[in-house]
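Given these sequences and hints, build the entire structure.
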Amino acid sequence: MARNLRLVAAAILVGALSSAVMAQTFSALRGPTPLDQEGPPPAMTPEQNTSVREPRNYPEQPPVIPHSTEGYEVTVHANKCLSCHARTRVRESQAPMISITHFSDRDGQFLASISPRRYFCTQCHVPQHNVRVPVENGFVDIDTVLRGSAPGGTR
Amino acid sequence: MTTTEVPRPSFWRRAWSFALEIWDVLARPSSVFSLGFLVLAGFLAGIFFWGAFNTALELTNTEPFCTSCHEMRTNVFEELKTTVHYNNRSGVRARCPDCHVPHEWTDKIARKMQASKEVWGKIFGTINTREKFLGHRLELAEHEWARMKANDSLECRNCHSAQSMDITRQSPRAVEAHQRFLFTGQKTCIDCHKGIAHHLPDMRNVPGWQ
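Protein chains in written order, with our numbering: chain C, 165 to 319; chain R, -8 to 201.
One should not assume that every hint holds.
[Stated by the list, open to error] Here are the in silico distance ranges between beta carbons for each label pair:
#1 C:Glu234 - R:Thr117: 30 to 40 Å
#2 R:Asn196 - C:Met261: 14 to 24 Å
#3 R:Glu95 - C:Ser263: 45 to 55 Å
#4 R:His184 - C:Ser263: 19 to 29 Å
#5 R:Glu133 - C:Ser277: 47 to 57 Å
#6 R:Lys103 - C:Ser263: 43 to 53 Å
#7 C:His289 - R:Gly42: 52 to 62 Å
#8 C:Thr209 - R:Thr97: 46 to 56 Å
#9 C:His289 - R:His184: 14 to 24 Å
Quick caveat, the hints were computed from the structure, so don't treat them as lab data.
Cβ coordinates follow ideal geometry from the N, Cα and C atoms, glycine included.
What follows is the structure, given as structure tokens:
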């Protein structure tokens, strides 16, 4: 019986403490807003809008889109991306052609044109915004690693 | 029933004799009104008719009129709302007739006469469901593309003049494209800017699309 009472007391204590903690504010990624409230959303930033290609951070990375894609329709009816990046369109657009890997279906068969599984461009390729990242990224690319100049030295 | 009754003349025969009577009245000189009165009355009636005609015409050239039909309101108008021609930085916006009806009077009347086909479509419900509308979307879009191609994108140029276009304020891609194709006259606005105000139809067989 006494043990049960102690358990109940402990539960009440934990409950009281956690509600006190809930009422406090934290300065975390979500800002100083209390946990039970929704803070103001960060301001939207304009999309990067150049025609300059960005390097990939690693060879398999889907290249990022350096230009704005606002209002671009990629649906079952139309694909605005392909009206510049398709094989037949690059002379006029001078845009990079979609990779030949995109012509292959999942059995490795090469098709005449883009494979349906690669049709929705923005599943992998995304436009960029200039933002202050909330968490710094310590990624170091392979060339830097091989040169041994990575912070922390050669391993 | 007896067979002595004279059969009533047919509708068309009666209509014809009525028209002949009217013509008889119109062909005779007036015996009551003076020439001056008739001229003045004709002049005033002309002004009144012209004003009424133009007012009615302009009434059909407004967005509330276009969106009074559910075909326009629930399909193309909803799509327009998400685009830059409805919702943008400076709050200037294009209304339906800005792009779909020429601003010059003669061209406007020509377009309005074509639009009688659209009244027909409304009466017989050619696109009165979403599915029927989607089924006709390519055909409808092709009409608009053909019109804009033929008049060198006149409705675009009513607001977007190539002379006033400051390409130093455009994105590098836009500068390149406008310099190569627009300023050289190789292409007109609609050649590249399809589907900027409404969703696109099935583009598989449209040149320049996949």
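Right, here's what the structure says about each hint:
Checked against the hint of 30 to 40 Å, the pair Glu234 of chain C and Thr117 of chain R passes, with Cβ atoms roughly 33 Å apart. A C-beta distance of roughly 21 Å is found between Asn196 of chain R and Met261 of chain C, which places it inside the suggested range of 14 to 24 Å. Checked against the given bound of 45 to 55 Å, the beta carbons of Glu95 of chain R and Ser263 of chain C, roughly 49 Å apart, stay inside it. Roughly 27 Å separates the CB atoms of His184 of chain R and Ser263 of chain C, a value that falls within the hinted 19 to 29 Å.
Judged by the Cβ atoms, the range 47 to 57 Å given for Glu133 of chain R and Ser277 of chain C is violated: they are separated by roughly 23 Å. Separation of Lys103 of chain R from Ser263 of chain C is about 50 Å and conforms to the stated range, judged on CB atoms against 43 to 53 Å. In this structure the hint that His289 of chain C and Gly42 of chain R lie 52 to 62 Å apart at CB holds, the actual value being about 58 Å. Between Thr209 of chain C and Thr97 of chain R the beta carbons are some 48 Å apart, a value that agrees with the proposed interval 46 to 56 Å.
Between His289 of chain C and His184 of chain R the Cβ separation comes to about 22 Å, which falls inside the hinted range of 14 to 24 Å.
In summary, the one numbered hint that this structure violates is 5.
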